[in-house]
Amino acid sequence: MANVVIMPRQGQSVESCIITTWQKKKGDRVETGDILFSYETDKSAFDEPAQVSGTVLEVLAAEGDVIPCLDPVCIIGEPGEDISALLPKKDADDAAPAEEAKEEKPAAAEAEATVSESDGERVFISPRARHLALDAGADLTKVTPTGPHGRIIERDVNKALDAGFTAATEAVEAFLAGKPMAAEEPAKAEEIPAPAKAAEAAPSAEDLRAYVEEPMSNIRKVIAKSMHASLSEMAQLTLNSSFDATNLMAFRAKLKEAGEALGLGKITVNDMVLFAVSRILPSYPEINANLIDNTFRKYKHANVGMAVDTDRGLLVPVLFGAEKMTLASLAAETKTLAAKARDGKLTPDEMSGGSFTVSNLGSMGVESFTPVINPPQTAILGVCCTVNRVKADGTVYPAMGLSLTFDHRAVDGAPAAKFLKELCTALEHFDLLLAK
Amino acid sequence: MPKSQYVDPGKVFQPGYIDFDSIPLCRYDKTIDEEKQIYSKADFLRIYHDMRTIREFETMLNEIKVKSEYNGVKYNNPGPAHLSIGQEASAVGQAYCMDINDFQFGSHRSHGEILAKGLSSINKLDDAELYDIMKEFLDGAILKVVEGRQANPGDVKDLAKDFLLYGALAEIFARTTGFNKGLGGSMHAFFIPFGIFPNNAIVGGAAPIALGAALYKRANHKKGIVVANSGDGALGRGPVLESLNFASMDQITKLWGMGGKYSDEGMPILFNVFNNFYGMGGQTMGETMGFTSPARLAAGFTPSEMHAEKVNGYNPLAVIDATKRKKELLLNGQGPAFLEVATYRVSGHSPSDSSTYRTPEEIEAWKAADPIPAYRDRMIAGGVATAEEFAAIDEEIVNRTVKIIKLAIDDEISPRMDLSKQPDMISSIMYSNNHVKSMDETREPEVLLPKEEDPRVKQIAGKARYAFDDKGEMIPKMKLYNIRDGLFEAIIDKFYEDPTTIAYGEDNRDWGGAFAVYRGLTEALPYHRFFNAPISESAIVGSAVGYAVAGGRAIVELMYADFIGCAGDEIFNQLSKWQAMSAGILKMPVVLRVSVGSKYGAQHSQDWTALCSHIPGLKVCFPATPYDAKGLMNQALNGTDPVVFFESQRIYDKGEEFHKEGVPEGYYEVNIGEPDVKREGRDVTILSIGAVLYRALDAAKKLEADYGISAEVIDARSLVPFDYTKVIESVKKTGKIVIVGDAVDRCSVMRDMASNIAEMAFDYLDAPPAVFGSRNWITPAFELEKYYFPQPTGIIDVIHEKLMPIPGYVPTYNETELEHLDRAKKGV
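Chains as they are written, first to last, in the working numbering: chain A, 1 to 436; chain B, 1 to 828.
Source of the hints: derived by calculation from the structure; they are not laboratory data.
There could be a bad hint or two in this list.
What the hints assert, rightly or not - Within a straight-line C-alpha distance of at most 25 Å, the following computed DSS-like cross-link-like pairs (lysine-lysine) qualify:
#, chain 1, residue 1, chain 2, residue 2
1, A, Lys159, B, Lys733
2, A, Lys89, B, Lys67
3, B, Lys30, B, Lys41
As the list claims (entries may be wrong) - Here are the in silico distance ranges between beta carbons for each label pair:
#, chain 1, residue 1, chain 2, residue 2, range
4, A, Thr425, B, Asn814, 56 to 62 Å
5, B, Pro807, A, Thr347, 57 to 63 Å
6, B, Thr816, A, Glu170, 34 to 40 Å
7, A, Lys89, B, Ile32, 43 to 49 Å
8, B, Ile426, A, Lys89, 38 to 44 Å
9, B, Met474, A, Pro215, 48 to 54 Å
10, B, Ile426, A, Thr347, 56 to 62 Å
11, A, Ser53, B, His614, 54 to 60 Å
12, B, Glu34, A, Ser16, 52 to 58 Å
13, A, Pro215, B, Pro664, 56 to 62 Å
14, B, Thr816, A, Glu214, 55 to 61 Å
15, B, Ile426, A, Ser16, 30 to 36 Å
16, A, Lys89, B, Tyr28, 55 to 61 Å
Please read all numbers here as calculations on a predicted model, not as lab measurements.
Ideal Cβ positions, reconstructed from N, Cα and C, are used throughout, including at glycine.
Please take these sequences and the hints and turn them into a complete structure.
Here you go:
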C-alpha cells in the first residue's frame with residue numbers, strides 16, 4: 001500500500017515549511033532512511049528521511065514551494081499502485097475564498113464621501129476658544145489671535161466679548177466652517193420717544209435730558225479701530241485739486257440720453273472717476289500699493305476699493321483688476337458690489353486686498369475734504385461736488401474737486417501731485433481716455 | 001558592617017592557602033538488596049509510576065505539537081512546549097523526598113518537576129486533606145471536571161492524579177479550568193497547595209524567588225525546605241549567582257542568632273541543578289562555561305562548599321539518596337546546599353529543535369540508557385515486580401492520559417476565557433487591591449524594644465509636624481518632621497503590626513539606609529527582620545518576590561533608582577507579573593523603595609518612573625511631602641500589590657507645608673492613584689511629578705506676582721494607578737496645562753499624561769498639553785543641573801511658548817517648537 005509523506009511540523013510556531021531541494025524524483029527507488037527532500041522553517045533547516053522503502057510514485061510539491069505542515073508532499077509505494085485516492089482534492093478548498101470576497105462588496109458600495117470641502121481659509125482656534133465663541137456668540141472677525149502659531153485662544157475671544165463684539169451663533173459657526181461671517185444686524189435703536197406735541201404739556205427737566213444708551217455696533221467698532229489706526233500710524237496729508245468737468249458732464253449727458261438703448265444708461269460720474277483712476281494707477285506703483293511693516297506690496301492690478309455708505313456703516317468692496325474693465329463692465333460691477341454691500345452680502349474676500357480707494361462725497365455737496373486712508377493702502381481719493389468757476393476768459397465751467405490723501409511715508413508730495421494732475425487731465429479729456 | 005566584627009590588618013595579610021574538599025561525583029552504589037531495605041514494593045512501583053506518568057504526559061504533548069494527534073485524539077496547540085523527555089528520574093527522585101511544606105520552584109523546563117512534586121504530594125496527603133484541597137481550589141472548578149470520571153470511583157488518590165494532570169494540561173492549553181485559569185501556560189504552571197511554586201519562562205528566574213521563599217521560612221520559623229531548580233544553562237545568569245551568594249551570607253549563621261536569642265540556622269534552600277548539558281543548544285561544559293561540572297561552581301561560595309555533590313540523574317534512587325541527605329543538612333540548619341543532577345534531554349529544546357548542536361549517535365546513546373526501562377528491567381531482575389505488573393501501570397497511565405487530553409481539549413468542559421463576554425476578566429486580576437494589616441495575625445512581631453523606646457521614635461516626638469510656626473515662619477530643619485520621618489513612621493508601625501514584615505537592601509542596618517530613612521530600625525528589630533543585603537539587586541528584588549509569594553510582606557530598597565536596571569527581570573517580569581499570571585491566586589505585598597538622586601551625575605540621578613509605569617502589574621508612587629509620603633507608604637504597606645515607591649533625595653528633609661494640622665501621628669492612608677491640588681489657581685494648571693513640586697510652586701508664585709497669572713499646582717503623588725478626575729476638572733477650569741517632572745522628556749509618564757489629557761479634555765483645552773521634563777541627555781554635574789532639570793523659569797518659558805504668550809515676557813531657555821523639532825530630529 002502506498003504511503004503519503006507529509007510535511008513534518010517542526011515547532012509550535014511553524015505553520016508551513018519551504019522545500020529547498022528534492023533529493024529524489026518521481027520514479028526513484030528509495031530505501032528507509034534515504035533523504036527524500038530538504039526543507040526549511042524560518043529558524044532551521046532539516047532533511048526528511050524516508051520512513052518506508054518503495055518508489056516515489058508522485059511528487060506533490062516543487063522546490064521553493066511553501067507547504068503547510070502536515071500537508072502531503074509525495075507518495076511512496078510500489079509501481080502500478082492506484083494512488084488516486086491519496087491525491088489531494090483541491091476543489092473544496094478553492095470555493096471558500098470566493099464567497100468571502102463576495103461578502104465584502106456591499107460594504108464598499110455603502111461608503112460615500114461625507115467630507116465636504118470648505119472654500120474659506122482655515123481658522124486656527126483652540127478647542128476651548130471655539131466653544132467659548134460659540135457659547136457666547138463672539139464675533140470672531142474682530143478677534144486678534146495671540147496664541148502660539150497665531151492661534152485664537154480663550155483670552156482673545158474674551159477680549160472681543162468684553163469689547164462687545166458679538167455675533168449670532170449661526171454666524172460664528174459659519175465663520176468656523178470657513179464661510180464668510182455675515183455681519184451682525186445693526187442693533188435696532190430703541191425708539192426715542194417722539195417729541196411732545198405742542199399741545200401737550202412742556203417736557204419735564206428730566207425728559208429734556210433723556211437719551212438712549214446704545215452699544216457701538218460691531219462694524220462701527222471695526223471702522224473706529226481702523227480709522228484711528230490709520231490716522232495714528234501714518235503720515236497723512238491731503239492735496240486738493242479740481243478739473244474742468246465740462247467734457248465729463250457732456251459725456252455723462254450723452255450716456256444718459258443715447259446710452260439707454262445701448263444699455264449704458266446707468267453709468268455714473270463716480271464710475272467714470274473710478275475708470276480714470278484705474279487707468280492712471282498702474283503708472284504709480286507706490287500709490288497702487290499697500291505698505292506693511294516697511295515692505296511695499298505693489299499690486300499687479302488696479303484693485304480699486306469703492307467706499308459704500310450702508311445702514312451698517314462704511315464698507316469698501318474692491319473692484320479687482322479694474323484697469324482691464326471697460327467702462328460699462330466697471331459700472332455694472334460697481335452696481336453689483338454696492339447692492340451686495342447694502343444687503344450685507346459681501347464676503348471678506350470682496351472687502352480685502354484693495355490697492356487704492358475712491359470715496360465720493362460729491363453727491364452730498366461736499367466741496368473738499370480729507371479722506372482717511374484705508375490701511376494698509378498708501379492713498380485714497382476723495383471725489384467732491386462740482387462748483388462753477390470762472391476762467392480767465394470769463395467762461396464759467398463746472399469744476400469738480402478731487403482730494404487725494406496719501407501716506408507720506410510711502411509717497412512724496414511731488415509724485416502724489418503728479419498723479420493727481422494726471423488724473424485731472426484724464427478726466428478733463430474723458431472721451432480721449434476711452435480711446436486709451 | 002557590624003562593629004562586633006573587626007577587620008584586622010594584622011590578619012588580613014597573613015600568608016596561607018584556601019583548601020577545598022573533594023566534591024563527590026556519582027558515588028551512589030547501593031545494590032538492589034540494599035535498596036529493598038529502604039523501599040517497599042509500593043515505593044518502587046510508585047517511582048516507576050511517576051516517571052512513566054511524566055513520560056506519557058510529555059510524549060502526548062510532543063505528539064500534539066508534531067503530529068497534532070495523540071492516540072487518535074486530534075488537537076493543535078499553538079503554545080510552547082519545552083519538554084524534558086529523559087529527565088523524569090531526576091524530577092521524581094527529588095520530589096520523592098519532599099513533603100507538602102517543602103516548596104519547589106521549577107526551572108524553565110518543568111512539566112516533569114511539577115508533575116513529580118504533585119504526585120509525591122498526592123501520595124503524602126491523606127484522603128480528607130487531599131479532597132479538601134481539590135474542593136476549595138478555584139471553588140472546585142477543576143474538581144468538577146474530573147470528579148465522576150475517575151477509573152476507580154471512590155479512590156481519592158486516583159481522582160487527585162486526574163486532577164493534577166488535567167489542571168496542568170488545561171493550563172498548558174490556556175483553559176480557564178487550568179491551575180491558573182490558563183494565564184500562566186506551559187512554562188508557568190504551578191499549584192501552591194501541593195507546594196509547587198511558580199516555575200519560570202525566564203532562565204534562572206526562579207532562583208532569587210526560591211531564595212525569598214527560603215528567607216520566608218527562615219525569618220518566620222516555618223517548617224520545611226525550599227528547592228530551587230534550574231538547568232545548567234541558568235548558571236550563566238547573574239540572578240542565580242547572586243542568589244547562591246545571598247543564601248550563603250555569613251550573617252545568617254553568625255549574626256542573626258543575636259547571641260542565642262534567635263535561630264542561627266543557615267538558609268533552608270537546596271539549589272538543584274538539572275544538568276542536561278545544554279542551555280537550549282549551547283553546551284555548558286566544553287563551550288559556554290568553564291566549570292567542567294556545575295558542582296565545582298558551588299564550592300566557591302562557602303567554606304562548606306554548599307555541600308556540593310553530583311549525582312546520577314538517570315537513577316531515581318541515586319537522586320533520592322542525595323536529595324534526602326541534602327534535605328537533612330538543611331533541616332539541621334546547615335544550608336544552603338547544592339546538588340548537580342546529571343541528566344539528559346533526548347527531546348529537543350522545543351519541537352522546532354533540529355538538533356544541529358548534537359549528533360544522532362549521542363541522542364541514540366542516551367536513548368539506550370533511558371532511565372525508565374532501565375529502572376523497570378532492574379526491578380524485574382531484582383524480583384521486585386513482574387513485567388506484567390509494570391505493563392499494567394503503563395496501561396493505566398496511557399488510559400489516564402487519553403482521558404485527560406480529551407477533557408482538556410473539550411471547549412465545553414474546558415472553555416477559554418471569554419473576553420468578549422467578560423472583558424474585565426484579566427483587568428480584574430492585575431491587582432489584588434486588598435487591605436491586609438498583618439499577613440499573620442497569629443503571631444506577635446519579634447522586636448527588640450517597645451516602639452516608644454526606640455531612639456528615632458523619641459527624636460521624632462519632639463519635631464514640628466507642620467513646617468510653619470504661628471507667625472508663618474519656617475521652623476528650622478533640625479526641628480522639623482520631614483519626609484524621612486513620614487516614611488520611617490509608616491514603616492516602623494508596620495513592623496510592630498505585621499510579624500512577617502521584613503526590610504532589607506544595601507546598607508540598611510547600622511547605617512540606617514543611605515539616606516537615613518531607616519535610622520532607628522536597627523535598635524528595634526532583630527537581624528532576621530532587618531538586615532544588610534549584598535550588592536545584588538536582582539537577588540534583593542527577586543527574593544522579595546519569593547518572600548511575598550510564600551506569604552510574607554517585604555520592603556526592599558535599591559538605594560538609587562538608577563539601580564532598577566540591575567534588577568530588571570525581577571521588577572519587570574517577576575514582581576509585576578505573578579499576581580496576574582497566577583490568576584490572582586498569588587499576592588505580592590512588596591514595597592520596592594527607590595530613591596532619585598541629585599548632584600550625583602549621570603548614573604545616580606535618574607527618575608525612572610516611566611520604566612516602572614510602563615510595566616503592567618506594578619503600582620508606582622512618588623510623594624513629595626511628609627503627609628503624602630507617610631499616607632502613601634501606609635497604604636502601600638497595608639496592601640497586597642507590588643508598589644515601586646519613588647523618593648527624591650532633594651527633598652527628604654522637607655517639612656509639611658500643606659497640611660496645617662500637621663502630619664497625623666496615627667494611622668491614615670493616602671490613596672494610591674489620587675493626585676492632590678497643592679495650590680489653587682484659575683489661568684493655568686501645572687501638574688507635577690515628584691520633587692519638582694516645589695519648583696512648580698515657585699513658578700506659580702512668580703506667575704502671580706509678575707504677570708498676574710493664577711496657576712493651579714497639582715501634585716500627581718502616584719503614577720500608576722492614576723485618577724485623572726481632578727486634573728480634568730482643573731483643565732476644564734484653566735484650559736491650559738503643563739506637566740513637569742525630573743524624568744527625561746522622551747517617553748516619560750508626563751508624555752503619557754499629556755496624551756491622555758488631550759484625549760479626555762480636548763474640547764476644554766486652549767492649547768495642547770505641554771510637557772516639561774529633563775533634557776534627553778545624561779544628567780550633568782550638579783553645577784550644570786539647571787540646564788537639565790526643569791527650573792521655575794523654564795516652566796514659565798514653556799507656558800509662554802506653548803500655552804499663552806505672556807506680553808513682554810522674555811524667555812530664558814529655548815523651549816520653542818522649532819527647537820523641539822530640531823532636538824527630536826537629533827534624538828536629543
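- prompt: Looking at the structure, which of the earlier hints fail to hold?
  reply: Violated: hints 5, 7 and 14.
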